[in-house]
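Going down the list, the sequences are from chains A and B. Taking my numbering, the leading residue of the first sequence gets 1, the next gets one more, and so forth. Taking my numbering, the leading residue of the second sequence gets 1, the next gets one more, and so forth.
Please note that a few of the clues may not be correct.
As the list claims (entries may be wrong) - Within a straight-line C-alpha distance of at most 30 angstroms, the following computed DSS-like cross-link-like pairs (lysine-lysine) qualify:
no. : chain 1 : residue 1 : chain 2 : residue 2
1   : A       : Lys41     : B       : Lys69
2   : A       : Lys44     : B       : Lys103
3   : B       : Lys103    : A       : Lys36
4   : B       : Lys49     : A       : Lys9
5   : A       : Lys71     : B       : Lys42
6   : B       : Lys42     : A       : Lys41
7   : A       : Lys9      : B       : Lys69
8   : A       : Lys44     : B       : Lys49
9   : B       : Lys103    : B       : Lys68
10  : B       : Lys49     : A       : Lys19
11  : B       : Lys42     : A       : Lys36
12  : B       : Lys58     : A       : Lys44
13  : A       : Lys67     : B       : Lys103
14  : A       : Lys22     : B       : Lys103
Since the hints were made in silico from the structure, they are not lab data.
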Amino acid sequence: DTAVSQTPKYLVTQMGNDKSIKCEQNLGHDTMYWYKQDSKKFLKIMFSYNNKELIINETVPNRFSPKSPDKAHLNLHINSLELGDSAVYFCASSLGTGSYSGELFFGEGSRLTVL
Amino acid sequence: AQSVTQLDSHVSVSEGTPVLLRCNYSSSYSPSLFWYVQHPNKGLQLLLKYTSAATLVKGINGFEAEFKKSETSFHLTKPSAHMSDAAEYFCVVRGEWGGATNKLIFGTGTLLAVQP
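In isolation and in its complexed conformation, chain A is listed as follows (with noise of 0.2 angstroms):
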């Protein structure tokens, strides 16, 4: 069983259009994130759930929209896709916030390609 499952695992589409990742974990965990890992393998948090509450919102355009309809859940939603959005998209999960032991459990990753 896969701890925490991303679809899909590519996704290539045109410029201006709008796409969604979604994201699932079965590891009973209650905080979730997004992380965008660039062409140099640079790795930046985007959007961090607890407990379906926004509790990291980093600067990321605004056509990036995080939903999480339960704690099990966390989807990203790209409005206007750009150029620049093209990236690998990480979904991860840990258990609890403030004392976690900065152990996350990573997705296998959504490669986005805009042309």
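Please arrange chain B on chain A, whose structure you already have, making use of the hints.
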């Protein structure tokens, strides 16, 4: 603000020889430090963590790291490289306490190649 610097973007070793991946950190207080590994087309996995207990930390797959405050370093080592160790390695520091207690700050990564 916390940050980490990985001193080598690429490291190449022969199978069976030691591995050294270097990381220096910057922090205004005692940091929590981690190493994560990313195999090709996979998500990241925690290798080991330092959270102010023992300065020599042992992780999975025979890796270990030593926290050296005087040198602000947290280098990752393994006595004998295996082909399966070929991957990207990230040194990570946890962000400031407060509203972003669960924010991890990643280094730029070191790609480890293992030659047969």
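Hint by hint, here is what the structure shows:
1. A/Lys41 / B/Lys69: The hint holds at about 27 angstroms.
2. A/Lys44 / B/Lys103: Within the cut-off at roughly 10 angstroms; holds.
3. B/Lys103 / A/Lys36: With Cα atoms ~14 angstroms apart, B/Lys103 and A/Lys36 stay inside 30 angstroms; holds.
4. B/Lys49 / A/Lys9: OK: B/Lys49 and A/Lys9 at ~29 angstroms, within 30 angstroms.
5. A/Lys71 / B/Lys42: Satisfied, since the Cα-Cα distance of roughly 23 angstroms is no more than 30 angstroms.
6. B/Lys42 / A/Lys41: Holds: B/Lys42 and A/Lys41 sit about 12 angstroms apart, inside 30 angstroms.
7. A/Lys9 / B/Lys69: 41 angstroms, violated
8. A/Lys44 / B/Lys49: Distance of about 19 angstroms is within 30 angstroms: holds.
9. B/Lys103 / B/Lys68: Given that 30 angstroms is the threshold and the Cα spacing comes to 23 angstroms, the pair holds.
10. B/Lys49 / A/Lys19: It is violated: about 36 angstroms lies between the C-alpha atoms, which goes past 30 angstroms.
11. B/Lys42 / A/Lys36: 14 angstroms, holds
12. B/Lys58 / A/Lys44: 26 angstroms, holds
13. A/Lys67 / B/Lys103: 19 angstroms, holds
14. A/Lys22 / B/Lys103: 21 angstroms, holds
When held up to the earlier numbered hints, the structure conflicts with 7, 10 and fits the remainder.
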